[in-house]
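Chain by chain, the residues run as shown.
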Amino acid sequence: MKLMKTRKFVAAAALMLAISAPVAGMAGDTIKFGVAGAHSGDLASYGLPSVNAAKLVIDQVNAKGGINGKKIEMLVEDDVCKPEVATNTATKLVSQGAEVVLGHICSGATKSALPIYKNANVLVMSPSATNPELTYSGEYPNFFRTIAPDDVQAKVDVEFALNKLGYTKIAVIHDKGDYGKGFAEFAKSFLDKSGKAEVVLFEGVTPGAVDYSAIVQKIKKSGAQAVMFGGYHPEASKIIGMMKKKRLDAAFISDDGVKDDTFIKVAGADAEGAYASGPKDTTKNPLSIKAKEEHKAAFGADPGAFFENAYAATLAMVNAIEKAGSTDLEALKKALQTEKVDTPLGNIYFDKNGDAIGVGFSVYQVQNGKFVELN
Amino acid sequence: MDYFIELFCSGLTRGAIYALIALGYTMVYGIIGLINFAHGEIYMIGAFTSFIVATVLSIYGFPLLAIVVLAGLAAVVWSSAYGYTVEKIAYKPLRHAPRLSPLISAIGMSIFLQNYVLLAQTSDFLPFPTLIPEFAFMEPVAHIVGSTDIVILITTTIMMLILTVVIKGTKVGKAMRATSQDRTMAMLVGINVNRIISVTFIIGSALAAVGGLLIASHIGQINFFIGFLAGIKAFTAAVLGGIGSIPGAVLGGLVLGLTESFATGYVSSDYEDVFAFSLLVFILIFKPSGLLGKAETKKV
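These protein sequence lines map, in sequence, to chains H and U. Note that the first sequence ends on residue 377 in the working numbering; no numbers are left out. Note that the second sequence ends on residue 301 in the working numbering; no numbers are left out.
Since the hints were derived computationally from the structure, they do not count as laboratory data. Note that the coordinates shown come from a computational prediction; the quantities given were computed from them, not determined experimentally. It cannot be assumed that every hint is accurate.
Now the in silico label distances, taken between C-beta atoms and shown as ranges [claimed, not checked]: (1) U:VAL282 / H:LYS223: 27 to 35 Å; (2) U:TYR267 / H:ILE291: 49 to 57 Å; (3) U:ILE233 / H:ALA271: 50 to 58 Å; (4) H:ASP263 / U:ILE233: 25 to 33 Å; (5) U:ASP3 / H:GLY197: 46 to 54 Å; (6) H:GLY210 / U:ILE108: 17 to 25 Å.
Straight-line Cα separation of at most 20 Å, EDC-like style, residue types lysine to aspartate or glutamate; simulated pairs [as the list claims (entries may be wrong)]: (7) H:LYS246 / U:GLU135; (8) H:LYS34 / H:GLU332; (9) H:LYS354 / H:ASP31; (10) H:LYS183 / U:ASP271; (11) H:LYS267 / U:ASP125; (12) H:LYS73 / H:ASP31; (13) H:LYS222 / U:ASP3; (14) H:LYS166 / H:GLU274; (15) H:LYS223 / U:ASP271; (16) H:LYS113 / H:GLU86; (17) H:LYS178 / U:ASP271; (18) H:LYS246 / U:ASP3; (19) H:LYS178 / U:ASP274; (20) H:LYS120 / H:GLU141; (21) H:LYS166 / H:ASP180; (22) H:LYS246 / U:ASP125; (23) H:LYS372 / U:ASP125; (24) H:LYS183 / H:GLU161; (25) H:LYS157 / H:ASP258; (26) H:LYS66 / H:ASP44; (27) H:LYS198 / H:ASP258; (28) H:LYS223 / U:ASP183; (29) H:LYS222 / U:ASP125; (30) H:LYS171 / H:ASP251; (31) H:LYS183 / U:GLU140; (32) H:LYS190 / U:ASP271; (33) H:LYS222 / U:ASP271.
Glycine included, every Cβ here is placed at the ideal spot set by N, Cα and C.
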């Protein structure tokens, strides 16, 4: 069934190609824009919004006559978020002549596909792969992304705690899970490196335990001024409730997994004053509002995960091709790093690693039962 | 020293809750030799029932004490009804089947009840109303032992005393002890064994429901999955104390709670479960029937 769907999809893409080719004139006169990611399987909901985003932007560009007189042609390929499939996807896109690629969606698949694009000098921009190594390692000079890497949240939280709040003793607690522990380990290493604060406690709690009073007493004994928690909202609300019960007066700083309205609903008054980082608020950005409306008009539904990131990535790449005047990798990289572009995520450009500047996390605080973005 | 007392109190609270749930395991095992894996779910259903009743009553503006009593009663009655029904549906037809069959049936019941609550209620965490207020006279020591801790400890003690009186002093208790010693013999002397088994399930479920109400208002949230970990820990407590022995369940619960609390406090909460289960292994090596269990010669 999965295979059938993929085939239909490829067939549809081929049909689209056939229809659009005569409009574009000669086939060689188009710019080939690859879109790779999970378009079927259990993670399809992460990949399909990117296809929609690319289609919306590209249709608009083509309606205006394309870039420098050339129409853009979309090549959509599925990788089911599997690293072993992603290499085939990449090979196929490269052999079809893709000049830039939007994707892939999952970090693992992106990592396995990147060497193939690198050898072919193809620019790749992911809307969603957050593994820090992809840009930090420096192995993939052709890779860019419009989402902040995993460690940025920890960095934002640590800088906030040290510079804005001025804490010097911090307890780092996590839920032993991949996400929570990952966040906590990054936070600890940033705190250690800063030299401004001491990590007085670094421990994991068991999710679902009936009572967290022992760990709260331990935090109290450690003399921490703030608790930095990596994990999700159920444990966060239990811990913050127990902190209030045991009269522990320390700030509570946490991550995206806690920045959820359920946290406020469950923790109630105890949540007041807690800090949590989350993606920058884009709901007031006119471009974001416009992109969402376009999606509703074209597909009759609200956009899904990473839609804005993919929309921004497509805009950034289109803009770079236009400014560079070609799809040569070096020229594109220079354009991406110097030309700012307005996107639903804000006004962005890219650093030398390939991470977007202007995209990222803000710290929010619970004030009167709502998360309020702090600047 | 303050720190030690703080950890000790945390451990007692935890242990008291484990003990309340462990009693259900140990009583059922004592009577019919079955590990009732659905018991954790009965605890969860108790918490949900008291949540629903308390929420509805607080909308109508009942006084707090009335809400606590009514929610507690509703939880006890409703959970007992579940415990009774589970036994009738899932265990009674298998009374003479091999030992493994009711065990699998119990696991099935546990999965069924979890998913039933998930579908009937929600998968989200729900905020549990504060049923136990912060007492003003507790304020000077609130940083060490809070109002909820005290209420949990007192309620658990009262429940234990009532249970002891019931088992040692009443006719039903006598019949329960007789059934546990030898079911066939008990039947021969005219005890309605099926009724006694039902009563055991009802008492165990009632205790679990009280535990559900107490712990939910202590940590302030519930969802359909809370019975799983609590059930596993309480089962461990029951085995630790000697499964089948009622004082053993209480002792096992307290030992487990204190071990976890001190492991968190003096070593690391990463190793909380490691210490708890190492203790279990250690005790079972030297005393296979548990702390207060009687040595059985019967082959299992």
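So, going through the hints one by one against the coordinates:
Checked against the given bound of 27 to 35 Å, the beta carbons of U:VAL282 and H:LYS223, roughly 29 Å apart, stay inside it. In this structure the hint that U:TYR267 and H:ILE291 lie 49 to 57 Å apart at CB holds, the actual value being about 55 Å. For the pair U:ILE233 and H:ALA271, the beta carbons lie near 32 Å from each other, so the given range of 50 to 58 Å is not met. Between H:ASP263 and U:ILE233 the beta carbons are some 31 Å apart, a value that agrees with the proposed interval 25 to 33 Å.
Remark: the range hint 46 to 54 Å for U:ASP3 to H:GLY197 is contradicted by a beta-carbon distance near 32 Å. Here the CB-CB span from H:GLY210 to U:ILE108 is close to 19 Å, well matched to the stated 17 to 25 Å. Between H:LYS246 and U:GLU135, the direct Cα distance comes to roughly 11 Å. Compliance with the 20 Å bound is thereby established for this hinted pair. At most 20 Å may separate the alpha-carbon atoms for a hinted pair to count; H:LYS34 and H:GLU332 meet this at roughly 18 Å.
Among the hinted pairs, H:LYS354 with H:ASP31 is inconsistent with the structure: their alpha-carbon atoms are about 31 Å apart, more than 20 Å. Under the criterion of a C-alpha separation no larger than 20 Å, the hint pairing H:LYS183 with U:ASP271 is consistent with the structure, at around 11 Å. Distance restraint check for H:LYS267 and U:ASP125: the Cα-Cα separation of roughly 11 Å lies within the 20 Å cut-off, and the hinted pair is therefore satisfied. Among the hinted pairs, H:LYS73 with H:ASP31 is consistent with the structure: their alpha-carbon atoms are about 7 Å apart, no more than 20 Å.
Taking the CA atoms of H:LYS222 and U:ASP3, the gap is near 12 Å; set against the 20 Å cutoff, the hint holds. Taking the CA atoms of H:LYS166 and H:GLU274, the gap is about 18 Å. The hint holds against a cut of 20 Å. Restraint check for H:LYS223 and U:ASP271: the C-alpha separation of about 17 Å stays at or below 20 Å, so the hint holds. Of the supplied pair hints, the one linking H:LYS113 and H:GLU86 holds, its CA atoms being roughly 11 Å apart against a limit of 20 Å.
Distance restraint check for H:LYS178 and U:ASP271: the Cα-Cα separation of roughly 8 Å lies within the 20 Å cut-off, and the hinted pair is therefore satisfied. In summary, the hint linking H:LYS246 to U:ASP3 is supported, as the alpha carbons are separated by about 18 Å, within the 20 Å threshold. A distance of roughly 13 Å separates the Cα atoms of H:LYS178 and U:ASP274; the hinted pair therefore holds under the 20 Å criterion. Distance hint between H:LYS120 and H:GLU141 is fulfilled; the C-alpha atoms sit about 9 Å from each other, no more than 20 Å.
For the proposed pair H:LYS166 and H:ASP180, the alpha carbon gap of about 28 Å is over 20 Å, so the pair is violated. This hinted pair does not check out: H:LYS246 and U:ASP125 have alpha carbons roughly 23 Å apart, beyond 20 Å. Taking the CA atoms of H:LYS372 and U:ASP125, the gap is near 19 Å; set against the 20 Å cutoff, the hint holds. Restraint check for H:LYS183 and H:GLU161: the C-alpha separation of about 19 Å stays at or below 20 Å, so the hint holds.
Pair hint H:LYS157 plus H:ASP258 holds up; C-alpha atoms about 13 Å apart against a cutoff of 20 Å. Among the hinted pairs, H:LYS66 with H:ASP44 is inconsistent with the structure: their alpha-carbon atoms are about 36 Å apart, more than 20 Å. Between H:LYS198 and H:ASP258 the CA atoms are separated by roughly 24 Å; this puts the pair beyond 20 Å, and the hint is violated. The hinted pair formed by H:LYS223 and U:ASP183 fails the criterion: a straight-line CA distance of about 53 Å is larger than 20 Å.
Our distance criterion of 20 Å between C-alpha atoms is broken by H:LYS222 and U:ASP125, whose separation comes to about 30 Å. A C-alpha spacing of about 13 Å is found between H:LYS171 and H:ASP251, which places the hinted pair at or below 20 Å, so the restraint holds. For the hint linking H:LYS183 to U:GLU140, the alpha-carbon distance of about 35 Å lies beyond 20 Å, and the restraint is violated. With a C-alpha separation of about 16 Å, the suggested pairing of H:LYS190 with U:ASP271 holds against the 20 Å cut-off.
Note on H:LYS222 and U:ASP271: the hinted pairing holds, with a Cα-Cα distance of about 18 Å set against a maximum of 20 Å.
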